[in-house]
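A.B. asks: Sequence:
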Amino acid sequence: MPADPRRILITGANGVLGNATAQYFLDRDPACQVFLGVRERRDKAEALAAAYPGRAFLCPLEITLADSWAEALSQIESTAGSLSVLINNAGYHDDALLATMTQEQWSGVLNANLNAVFLGCQAALQPMMRQRWGRIINIASLSALHSPAGQTNYAAAKAGVLGLTQSLAKESARLGITVNAICPGHIEGALPAGWSDEQIKAVKRETPMRRFARPEEIAAVVFFLASPEASYMTGASLKLDGALV
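Just so you know, we're using our numbering here: the sequence shown kicks off at 1 and counts up by one.
What the hints contain is simulated information worked out from the structure, not anything from laboratory work. Just so it is clear, CB atoms sit at the ideal spot from N, CA and C, and this is done for glycine as well. Check the hints yourself; a few may be wrong.
Distance condition first, Cα-Cα at most 25 Å in a straight line; then the derived PhoX-like pairs of lysine-lysine [unchecked claim]:
no.	residue 1	residue 2
1	Lys201	Lys170
2	Lys170	Lys239
3	Lys170	Lys204
Label pairs and their computed distance ranges (CB to CB) [as the list claims (entries may be wrong)]:
no.	residue 1	residue 2	range
4	Gly194	Glu71	28 to 38 Å
5	Gln166	Glu46	30 to 40 Å
6	Gly81	Glu206	40 to 50 Å
7	Pro60	Arg211	30 to 40 Å
8	Ala31	Gln126	18 to 28 Å
9	Leu110	Ala190	12 to 22 Å
10	Asn115	Arg41	34 to 44 Å
11	Glu216	Pro192	13 to 23 Å
12	Thr100	Arg42	25 to 35 Å
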């Protein structure tokens, strides 16, 4: 069983899904302490930390650097205790057709979306192994399962996250550490910046539910996977897309 309260680190905590997930935990688990992994953009994370003093904390983190992960976990340890839950949510896409994709576009997306997950999992395993309890939730993407044209870099990275999740789940199962992944489809408030109203309507028509996910609907699944009750679910990749695929 986890120590009470749980210490939760959410990367990309200033984004739509990361911020909504932090809010979900803070509202539904009054004992938990949430560390908001941020880099440059911090306005939403700062507002959340101000709204929950003593329970939500900014945690400067460059997810592509091992030293930054070590510093973040050291901050959590000194502030509240050993990390209990890691939610690897940060990432980005930089779309292009493969024929014209630059090496920087390829390596940048792979570094932020796959290598960073490796670094985060490796850093989190140390405290979790010591306490023989932990929850790792990796936010992948529907692109890992249903890869669109123009996203070879992003789709490859997110598919790699699914493979990493399944393998690590086998390595950590006996230690009381579960590792799962979520593959969200389109999320309200986090749609591609260049989409027109017509594009948005067209994609909604293609989705059997005729709408996009609300961020809190994705957060609810993360919340369950991070709970003690999810103790036998590990190595799973959950598709949350309104039956689009």
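A.B. asks: Against this structure, judge whether each hint is valid.
C.D. replies: Hint by hint, here is what the structure shows:
1. Of the pairs offered as hints, the one joining Lys201 and Lys170 is violated, with about 41 Å between alpha carbons and a cut-off of 25 Å exceeded.
2. For the given pair, Lys170 sits about 20 Å from Lys239 by alpha-carbon distance, which is consistent with the 25 Å threshold.
3. The suggested pairing of Lys170 with Lys204 is violated, with an alpha-carbon distance near 37 Å, which exceeds 25 Å.
4. A beta carbon spacing of about 35 Å between Gly194 and Glu71 agrees with the range 28 to 38 Å that was offered as a hint.
5. Checking the proposed 30 to 40 Å range against Gln166 and Glu46 shows it holds: the Cβ atoms sit about 36 Å from each other.
6. The supplied range of 40 to 50 Å is met by Gly81 and Glu206, whose beta-carbon atoms lie about 46 Å from each other.
7. Between Pro60 and Arg211, the C-beta spacing of about 36 Å keeps the proposed range 30 to 40 Å intact.
8. Checked against the hint of 18 to 28 Å, the C-beta distance between Ala31 and Gln126 comes to roughly 23 Å, which is consistent with it.
9. Checked against the hint of 12 to 22 Å, the pair Leu110 and Ala190 passes, with Cβ atoms roughly 21 Å apart.
10. About 21 Å separates the C-beta atoms of Asn115 and Arg41, a value inconsistent with the hinted range of 34 to 44 Å.
11. For Glu216 and Pro192, the hinted distance range of 13 to 23 Å is satisfied, since their beta carbons lie about 21 Å from each other.
12. Separation of Thr100 from Arg42 is about 34 Å and conforms to the stated range, judged on CB atoms against 25 to 35 Å.
Consistency note: the structure conflicts with the earlier hints numbered 1, 3, 10.
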